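This is what each chain is made of:
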Amino acid sequence: MKKIIVIIILISTLAACRRNVLDIPPQDRISENAVWTDPNLVTAYEANLYNGIPHGFYIHMYSKYSDEAINTAPCCGANIFAQNTYNPDNITQASSGDFWGGYMYYWTQGYQFIREANLFLAKMTAPGSITVTNKQQLIGEVYFLRAFMYFNLAERYGGVPLVDTVYNLGDSASFVRSTFDQVVTHIQNDLNAAKPLLPKRILSTDVNFGRATQDACLALWSRVTLYAASPLYNTSNDMAKWQAASDAADSLLNAGYSLYSDYRTLFNQPSGSPENEYIFSRQFTTANGTQYPMHNLGRRYGAYGGWWASNGPSQNLVDDYDVATTGEPPFKWVGGGPGAMTAATQVANPASGYDPQHPYWNRDPRLQATVLCDSGVYHGDTCFEWISSDGKSWGFDSYKQSSDNPEGGYILKKFMPDAAPLNWSTTYTTPWPFFRLAEIYLNYAEAQFNLGHEDICRQYIDMVRARVGMPAIPATYTGTALWNRLVNERRIELAFEGHRFFDERRWLIAGDIENRPLRGMQVIKNLATGVTTYTPVTWLQKIPYTSAMNFLPIERSEIKRDPKVTQSPGWQ
Amino acid sequence: MKRCLLSGESGYSPRRLLRRGYTPGFSFFLLVFLLSSLPGFAQQSITVTGKVIVGDSAIGGATVQVKGRREAVQTAPDGRFTINVPKGSRLVISFVGYTPEEVAAAPSLVVQLKQEAIQQGSEVIVVGYGVQKKATLTGSIAQVSGAEVAVSPSPNVGASLAGKLPGLIVNQTNGEPGRDDPNLLIRGMATLPGPPGSPVNSGPLIIIDGVERSGLTRLDPDDIESISVLKDASAAIYGARAANGVILVTSKSGHRGKTVFDFNYNYGIQNVTKIPKMLDAVTYEQVYNENQFYKQGSNPATYLPFYTDSVIAITKSGSDPVNYPNTDWVKAVLKSSHVQKIGIQASGGSDAVRYLLSFGSTTQGGDFKHVPDNYQQYNMRLKLDADVAPNLTVGANISGIFSDGTYSSVTGQTDLGGPNGTAVTFIDILQANPTLVAVYPNGDIAPGRLAESPLLLDQEGFAKISNSSIYSTFTGTYRAPFLKGLRADISYNYDFANQFEKVWQIPAYYYSYNINTKNYDRKLQNRVIQDNDIYNKWTTRLTNLRFTYERTIARRHHITVLAGAEQQYNTNSFSNAGRKNFVSSAVPQLNVGSTAGADQSIQGSASAGAYNNYFGRLNYDFASKYLLEFSFRDNGSQIFPVGKRYGFFPGGSAGWVMSEEKFMHNLPAITYLKLRVSHGELGNDRVASYQNVQSYAFGSNYVFGSSDVPGIYPLVVPNPNITWEVSKKTDFGVVATLWNGLLGIDATYFIEHRSNILVPPVLSTGQIYGYPSLPDQNTGIVYNHGYELVLTHRQTFKDFSYSLSANFNYARNKVINMDETPLAEPWQNATGHPINAGLYYKFAGIFRDQADLTKNANQAWSGSKVGDQKVANLSGSNQISGNDQFRFDYTAIPMETFGFTSIFRYKSWDLNLFFYGQSKVYNYDAVYANLGNSDFSNAMVARATNRWTVNNIDGTLPRSNEAAPGATTLYLKDATFIRLKTMEIGYSLPHSLITRTHTFTAVRFYVSGFNVLTWAKAIKYADPEISGNSTTYPQQRIVNFGATVKF
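Chain order of the listed sequences is E and X.
Everything in the first sequence is counted per this note's numbering, starting at 1 for the first residue and increasing by one.
Everything in the second sequence is counted per this note's numbering, starting at 573 for the first residue and increasing by one.
This is chain E alone, in the form it adopts within the complex:
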């Protein structure tokens, strides 16, 4: 009996033991071999590479890093750009999405995705690699994506190290910065490799919209060549570079795209809506979408606009919308210009017919499409930014009502949905435009201006203005005057699309623009007389802009890790 009990206990215990107890396969991940032998996983791997291109719907939009918007968020990645206090010691604060700067640093993320792209290309071009139905197209897409990743690096840092090899742990390489032109050549090679493998174009209603196309390659090339021809990179003003920029844009002028009729709807309709202007864009779904409206609107919608996101448009931007009837800018600037390191002075332009006490009347329609200002209407609500002259009452959207309202007096309206409900529980599917036809027109206009063809320049600016019913630029505008109109047109048309930060720099006008005080609007209402007065006020004076800020610094310790990689100029 006793022995039986002992034996039973022993056997049952030993039965609980396993011979190979330590051989446990991973439960929640896929092994390397499985990935490269399964067409579905290969496709999934490739889809992920698209995430390597930052979109603009993070909490911090690049607008607030420039003079487009006011940044009240005192935290995280954006704060170092709020007052231009970024430097090699704090720049990595902006190395991630949403709160952490919207990938402005991009160095880390960029090279990680470049390695992933390199790995894909190596695996797919290796002998005996897997057969996937649309394999060549996927390879083409990855060449395009790698080119775009390098452009994202180059617009921030200039020439960066070019890496086409997949390194593994323990490998050692000696990286050096290539020149900007070498990066451009690399991008060109990738685009040339991509184009033959890609479809010409995918319509916005197609299930594959958002994938790379030949046109996307051309659009990227147009921007790359335009940058390469710009004063920051083209120090000798090599006309061949402007010609290349012109040719690149030219290839898309008659490619079947057209400007969408309604400037406002273009930016706030859901993914999958019909339009004929976006050349390459990022789509979203409710499962994989963003909450950008709630980061930008104010207390009225239960949003946090004033406090942390606050991509609230600046008075600086609002001032730059032309007067509709005259087609003239309300202000002109004395001083400044390319290369200047001090702010220009703002002077009124009486010819414009601008009325400072009715600042939002009779302006370029793109103002009301982009900026929600006092007495503007959004979602059926009138925006009240006023404060009574005795300070004892105020409008519902004023900063006095709530710290969730913007201090500058303006709320971002571009991209904000008109139909969808506004709350924290909705995810929005508005696509993010990377390239659209209007940009190509303006690229072309810029290249033509620099090639001396001012009439063609005016023609393409006017095409962009005509969409919103703005008068053409009179032929009296030539030379610097026309140049200023071109610069301004790009600022207005592409506002909040992430261009301004880089445009300021490549044009070498950041020393002027960034040294101007960032202003907001004080709206005072005399309740007795009913008269409202508008007074622009200084909201923020950034620290003086230096030419080092034309390029982002690389993290201090990254330079230590790769001793042959030089720091961006001026940041030692």
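Bear in mind the hints are in silico, worked out from the structure with no lab data behind them.
This structure is a prediction, so every number in the text was calculated from the model and none was measured.
Don't take every hint at face value.
[Claimed, not checked] Here are the computed distance ranges between Cβ atoms for each label pair: (1) X:Gly869 / E:Leu527: 25 to 33 Å; (2) E:Gly335 / X:Ser882: 34 to 42 Å; (3) E:Gly335 / X:Gln1422: 23 to 31 Å; (4) E:Pro350 / X:Ala1416: 47 to 55 Å; (5) X:Gly890 / E:Ala481: 56 to 64 Å.
[Said to hold, decoys possible] DSS-like, lysine-lysine: derived pairs with alpha carbons at most 30 Å apart: (6) X:Lys706 / X:Lys1300; (7) E:Lys542 / X:Lys1437; (8) X:Lys888 / E:Lys392; (9) X:Lys1427 / E:Lys542; (10) X:Lys941 / X:Lys1074; (11) X:Lys659 / X:Lys623; (12) X:Lys659 / X:Lys830; (13) X:Lys623 / X:Lys639; (14) X:Lys888 / X:Lys903; (15) X:Lys686 / X:Lys1234; (16) E:Lys3 / X:Lys1056; (17) E:Lys3 / X:Lys639; (18) E:Lys542 / X:Lys1414; (19) X:Lys1095 / X:Lys941; (20) X:Lys941 / X:Lys907; (21) X:Lys1095 / X:Lys1036; (22) X:Lys1492 / X:Lys1589; (23) X:Lys903 / E:Lys392; (24) X:Lys1036 / X:Lys907; (25) X:Lys1090 / E:Lys392; (26) X:Lys686 / X:Lys1197; (27) X:Lys1074 / X:Lys1109; (28) X:Lys1618 / X:Lys639; (29) X:Lys1056 / X:Lys706; (30) X:Lys1197 / X:Lys639; (31) E:Lys123 / E:Lys200; (32) X:Lys1386 / E:Lys560; (33) X:Lys1479 / X:Lys1618; (34) E:Lys392 / X:Lys1095; (35) X:Lys1437 / X:Lys1414; (36) X:Lys686 / X:Lys1618; (37) X:Lys1414 / E:Lys560; (38) X:Lys888 / X:Lys941.
Each residue gets a CB set at the ideal place from its N, CA and C atoms; glycine is no exception.
Knowing the structure of chain E, use the given hints to seat chain X on it.
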């Protein structure tokens, strides 16, 4: 107080009995011992009747056992007993807290018990897979009894351990009910932490009743027999995961005898210990205006104040509490709450079966008026041992911890990347803008900050977390009849824990005063109703088989050999389902939510892990004088690749009990003196698994057209050579008892050399390689050393006795090698400094005016303005940059901790005072630094007082919204403190009174305080134990009233 005894044994030492002369001589004693243990020797029996007394009081419930046999009885409440014993037997009479007495059996006996004296020999210490006598212990092991832990009824056992166990560092940084687990560290840190988000790898291994278990802090303190901490090579038997030390918890068992009931009740009133004083509205407005002044370019001509003078005047007068209030959010939000604990335990046993049944319940409320915070916990245990056959004992130990926590549904500030989850942060309260209304004069609740007033939280649904954990152990012990001293122990454990979390979010209504219509508009928060059900299940299966052989050869050579094998298998599975847009908020269940695809979400994952181990130990002692121990573990872990999986971890120690030597016998002052030394190798494997293979994870989807396309992304780059982290520990110790217990000394010096530390090479690997994430590599080396000193003193007079015990611990580590790229300046490298030592700029004053700023431009960085901090320019350049940082040698982990326990007894009264403290510890508080920020967050009075302003250019603290290059030493505060952690006054009914009840055997009432008083060196504005920032939930101050009854 109850001593720590192994279940079923009454600890005593034959040696001591001999010395006291209870037996005529050792040889005779041995003879009796041997004879009485021989089976079939006893033929005749006699009946013994007797009485057990202490002084003139009878002792009920004392155990009277026949020496060497199982027969035993318990005394009746009047102290009397009757037992049949073989003639010539000896009886051992024992009672908790008293020295066991041994007497020869006689028909009539009166046995006088004496209160137990402090004596090393009598104590038994729980070690890995067994117990050892403290007298012959050679390892560095600290032990505390369950009774000592139960003295201060904090609802969290972990918090009660602070300062009680020399070498154990307890850091409680959060006081939220149910989420107040402290960080436990043994001898500080000796391993390099992984990058943020990686598993915590410096904590000890916690073994509860033989199995690695997680619920230490949630145990019922009344169920705990003892907690011991293995600090040195003695932990080598736990090999691979023992490098950070091992905590062994042993639960109580039933004892042979009449059923004893223990009942205890405790009611506590709790408050937060200390929260910072925040600015009133007027100061806040001034500070905010100052911020605006600087931002607008510091030009008085164009400066436009955010709060005009008239606004400040109205705020000051308090005449318009609707539009210009002065809200004290702390007062508006906080309340005191209560904690209640009930426990009942029944234990006893017959000859063949011993049992213990216990039930405990804890209820703890939260500290907020409008937060549904509430925590309830039930502990249950059944422990049973049965002698099912001669030589064979089987047992089961089944316990459960069930808890239900209700918290706010609002997910803290997770959007800010904080680690809070659904934990309540004080940020919404402490940083709430005092110019915002909390409650309008008519009683309506205002929106508060971001329309998220903490007063609305009880209307916003809830997060309910329910945990049900069952821990089961089945044991068998077989004493081989064919070889005396050989026993086999077998155990099978199956633990499972289920966690179900429901996060039910509904929008709340609030009122917003409309200044134009003069109405209070009722508004609904702008979010939809949603529910998330999160389910987690963990299991642990552990099978353990071990053989022990114990033998005394030639009377003086005592040998114990242990060999065993152990297999462990863990699993976790997780799923999370959610729906939004509920039809109604009436039913918080998933199926009421919208069925639209966009409104549903589902996630899931799983993991598994295993260990396969072989271990053994050899103990040899010669006449309790010369002691030797050797142990090992061959540890296999699934975390590492084939070929690198098994690690061999040996440990050895030796001791010399000098007081047993003849030449010491003429030194009467020295009662006991032992020298000991130990050395061993231990391992650590607390890193992520599968770092040796390249794998890919799902989750990085991308959208084409209108559909979400699955995306996969590469995980960590493989490191095929990853293997164990190795710790070499060496200890030297002296243990002494002087003047028969008047003074006890236990001093230990230790050295630890940790190598092969698993750290990812993030600091040295250039990002241009583009590795997705880096695997751990066996590269780090850390040196750690320190000492522990324990002094005890105990004195008994007629009616008065007291005992004092002080422990002091010091541990300092140094990074010898870590994978870092040398920084610009040699003094900045982390190598050569303590782990986690941070880089700081050195505060050097305030720029008082423009002249100062111009003159000392080399102490400014690009963002500096007048009123900002000057920073010491260490690199000699013309402007402050990252090169001017230096490595600060103290961290938030204290290098020194100390505990001081004093117990006083006078007649039926007892007083227990327990102090706990830390020093050589610094805390950087970024929230303290924050002042006048544009996010409208409120600031601390301590920070605003004497700040630099235009009118106070000699201010000692920087201006509002200062621009600093990074963390400076100005906000790095010495976190030294001493705390009166526990104070308890108890009254026990005298024995004479108790015996007359014929029901009770002990009754005690007490009043106690937890976290009673704190003295802090520098952090006087907040709880100094909080590390990081002072907006976390502070610890609780609890005043308890309670009673314990035994019957």
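Verification of the hints:
1. For Gly869 (chain X) paired with Leu527 (chain E), a C-beta distance near 31 Å keeps the hint of 25 to 33 Å intact.
2. For Gly335 (chain E) paired with Ser882 (chain X), a C-beta distance near 39 Å keeps the hint of 34 to 42 Å intact.
3. The hinted range of 23 to 31 Å is satisfied by Gly335 (chain E) and Gln1422 (chain X), whose Cβ atoms lie roughly 26 Å apart.
4. At roughly 54 Å, the beta-carbon separation of Pro350 (chain E) and Ala1416 (chain X) lies within the given 47 to 55 Å, and the hint holds.
5. Range check, Gly890 (chain X) to Ala481 (chain E): about 59 Å between beta-carbon atoms, so the 56 to 64 Å window is met.
6. Between Lys706 (chain X) and Lys1300 (chain X) the CA atoms are separated by roughly 24 Å; this keeps the pair inside 30 Å, and the hint holds.
7. Only pairs whose Cα atoms come within 30 Å are accepted, and Lys542 (chain E) paired with Lys1437 (chain X) is accepted, the gap being roughly 12 Å.
8. Distance hint between Lys888 (chain X) and Lys392 (chain E) is fulfilled; the C-alpha atoms sit about 15 Å from each other, no more than 30 Å.
9. In summary, the hint linking Lys1427 (chain X) to Lys542 (chain E) is supported, as the alpha carbons are separated by about 22 Å, within the 30 Å threshold.
10. Between the alpha carbons of Lys941 (chain X) and Lys1074 (chain X) the distance comes to roughly 22 Å, so the proposed pair stays at or under 30 Å and holds.
11. At most 30 Å may separate the alpha-carbon atoms for a hinted pair to count; Lys659 (chain X) and Lys623 (chain X) meet this at roughly 19 Å.
12. For a cut-off of 30 Å, the pair hint linking Lys659 (chain X) to Lys830 (chain X) stands: about 25 Å separates their Cα positions.
13. In summary, the hint linking Lys623 (chain X) to Lys639 (chain X) is supported, as the alpha carbons are separated by about 18 Å, within the 30 Å threshold.
14. Between Lys888 (chain X) and Lys903 (chain X) the CA atoms are separated by roughly 19 Å; this keeps the pair inside 30 Å, and the hint holds.
15. Simply put, Lys686 (chain X) and Lys1234 (chain X) have alpha-carbon atoms about 28 Å apart, close enough for the 30 Å limit, and the pair holds.
16. Between Lys3 (chain E) and Lys1056 (chain X) the alpha-carbon distance is near 17 Å, which keeps this suggested pair within the 30 Å criterion.
17. Distance check on the hinted pair: Lys3 (chain E) and Lys639 (chain X) sit about 28 Å apart at the alpha-carbon level, within 30 Å; holds.
18. Using a Cα cut-off of 30 Å, the hinted pair Lys542 (chain E) and Lys1414 (chain X) holds, with the two alpha carbons roughly 25 Å apart.
19. Between Lys1095 (chain X) and Lys941 (chain X) the alpha-carbon distance is near 21 Å, which keeps this suggested pair within the 30 Å criterion.
20. The suggested pairing of Lys941 (chain X) with Lys907 (chain X) holds, with an alpha-carbon distance near 6 Å, which does not exceed 30 Å.
21. Between the alpha carbons of Lys1095 (chain X) and Lys1036 (chain X) the distance comes to roughly 26 Å, so the proposed pair stays at or under 30 Å and holds.
22. For the suggested pair Lys1492 (chain X) and Lys1589 (chain X), the alpha carbons sit about 11 Å apart, so the restraint of at most 30 Å is met.
23. Annotation: proposed proximity of Lys903 (chain X) to Lys392 (chain E) holds, straight-line Cα distance about 27 Å (limit 30 Å).
24. Pair hint Lys1036 (chain X) plus Lys907 (chain X) holds up; C-alpha atoms about 21 Å apart against a cutoff of 30 Å.
25. Of the pairs offered as hints, the one joining Lys1090 (chain X) and Lys392 (chain E) holds, with about 12 Å between alpha carbons and a cut-off of 30 Å not exceeded.
26. For a cut-off of 30 Å, the pair hint linking Lys686 (chain X) to Lys1197 (chain X) stands: about 27 Å separates their Cα positions.
27. A C-alpha spacing of about 15 Å is found between Lys1074 (chain X) and Lys1109 (chain X), which places the hinted pair at or below 30 Å, so the restraint holds.
28. With a C-alpha separation of about 27 Å, the suggested pair Lys1618 (chain X) and Lys639 (chain X) falls inside the 30 Å cut-off, and the hint holds.
29. A C-alpha spacing of about 24 Å is found between Lys1056 (chain X) and Lys706 (chain X), which places the hinted pair at or below 30 Å, so the restraint holds.
30. Under the criterion of a C-alpha separation no larger than 30 Å, the hint pairing Lys1197 (chain X) with Lys639 (chain X) is consistent with the structure, at around 25 Å.
31. In summary, the hint linking Lys123 (chain E) to Lys200 (chain E) is supported, as the alpha carbons are separated by about 25 Å, within the 30 Å threshold.
32. This hinted pair checks out: Lys1386 (chain X) and Lys560 (chain E) have alpha carbons roughly 23 Å apart, not beyond 30 Å.
33. With a C-alpha separation of about 19 Å, the suggested pairing of Lys1479 (chain X) with Lys1618 (chain X) holds against the 30 Å cut-off.
34. Under the criterion of a C-alpha separation no larger than 30 Å, the hint pairing Lys392 (chain E) with Lys1095 (chain X) is consistent with the structure, at around 23 Å.
35. A threshold of 30 Å between alpha carbons decides the hint, and for Lys1437 (chain X) with Lys1414 (chain X) the separation of about 17 Å falls inside it, so the pair holds.
36. Of the pairs offered as hints, the one joining Lys686 (chain X) and Lys1618 (chain X) holds, with about 21 Å between alpha carbons and a cut-off of 30 Å not exceeded.
37. With a C-alpha separation of about 23 Å, the suggested pairing of Lys1414 (chain X) with Lys560 (chain E) holds against the 30 Å cut-off.
38. Taking the CA atoms of Lys888 (chain X) and Lys941 (chain X), the gap is near 27 Å; set against the 30 Å cutoff, the hint holds.
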